[in-house]
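Chains as they are written, first to last, in my numbering: chain A, 1 to 76; chain B, 1001 to 1197.
Think of the hints as simulated: they come from the structure by calculation, not from any bench.
Hints may contain errors.
Said to hold, decoys possible - Counterexamples of contact, computed for chain A against chain B with all Cβ distances above 10 Å: (1) L17; (2) D32; (3) W71.
Claimed, not checked - Taking CB as the label site, the calculated pair distances span: (4) B/L1171 to A/E15: 52 to 62 Å; (5) B/L1171 to A/A56: 49 to 59 Å; (6) B/R1120 to A/W71: 33 to 43 Å.
Just so you know, even glycine gets a beta-carbon here, dropped at the ideal spot from N, CA and C.
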Amino acid sequence: VGFESEYSVTVHLDELLEAKRMTLAQLSDLADITVVNLSILKNGRAKAIRFSTLAALCRVLDCQPGDLLTWTDTKE
Amino acid sequence: VTHKPSWTAGFLYRLSILLLVFTAGFGLFVVAGAILGFGAGGNDVAVHTTVDADRVDELPPGTVGPDTFDVVVRVRDASAEQLRWFAIRDLPPGIVVIVVLWLIRGLLKSVRDGDPFVARNVTRLRILAGVVLIGIPLANLLTSIFAGELAASADLVGPPLQLALPGNALLGGLAILVLSEVFAEGLRLRADLEGTV
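Chain A with its partners taken away, still in its complex shape (with noise of 0.2 Å):
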């Protein structure tokens, strides 16, 4: 279970890393995306993402986009 941001979109990252044993500073070294930024992802705080960011976040956990991110309907 990851953070839900405002548009209803979850970002698994927190599952990601996990099964990948794999911490935040090791994915911001990896894939090149600041720690920072990799926290907003994670806490649901991001607005948008860009296509590079979430290349290299594919690459380096080795998944696609659609396991990184789903996003649920709240008006149900």
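Use these hints to put chain B onto chain A, whose structure you have.
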């Protein structure tokens, strides 16, 4: 802030403070004059009034002019009441100028500090537009009312009431309103950018 503020921004900021202090000082002088009626019995006041065109001599033959002319009558040894109206008459435009300068000072300060795209500046620009669109016509109306009272105190006919929105105020106010919306949009874009990872 990642860059040094421009020399122009710093200069304009200091200039706005200087103008604000000067205008506020002048305003205080006017208010003191209105309250104390200083100089009564020894001062002259300029009273705006109108005279019928047929009372104006030596106009060139064939002159096509208005029915009345605006003239200024100098009243010598004005009474305390006349001095008070004379001082109060110039207050409304003074207040408008002080409010405008105060808002401009705030805007320039944010530019000087390298952070102009903030919610406060959107509010400042909206207030500025309101002052230009509503404050200036209102100040003109009040000035004409006070000028009428001054003229009446000297047994003269005052100038007509000014109940109009000057074209330059309308255009200027609308331009500032558009600018405030540009700033509001800039603010939204900035929030989006800061939330992009």
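Evaluated hints:
No beta-carbon of chain B is positioned within 10 Å of the beta-carbon of A/L17; the least distance is around 16 Å. Annotated as non-interface, A/D32 keeps its C-beta farther than 10 Å from every C-beta of chain B; the closest such distance is 13 Å. Against chain B, the non-interface label of A/W71 holds: every CB pair exceeds 10 Å, the least being about 17 Å. As the Cβ distance of B/L1171 to A/E15 is approximately 59 Å, the hint placing it in 52 to 62 Å holds.
Between B/L1171 and A/A56 the beta carbons are some 51 Å apart, a value that agrees with the proposed interval 49 to 59 Å. Under the hint 33 to 43 Å, the C-beta atoms of B/R1120 and A/W71, about 35 Å apart, fit the expected range.
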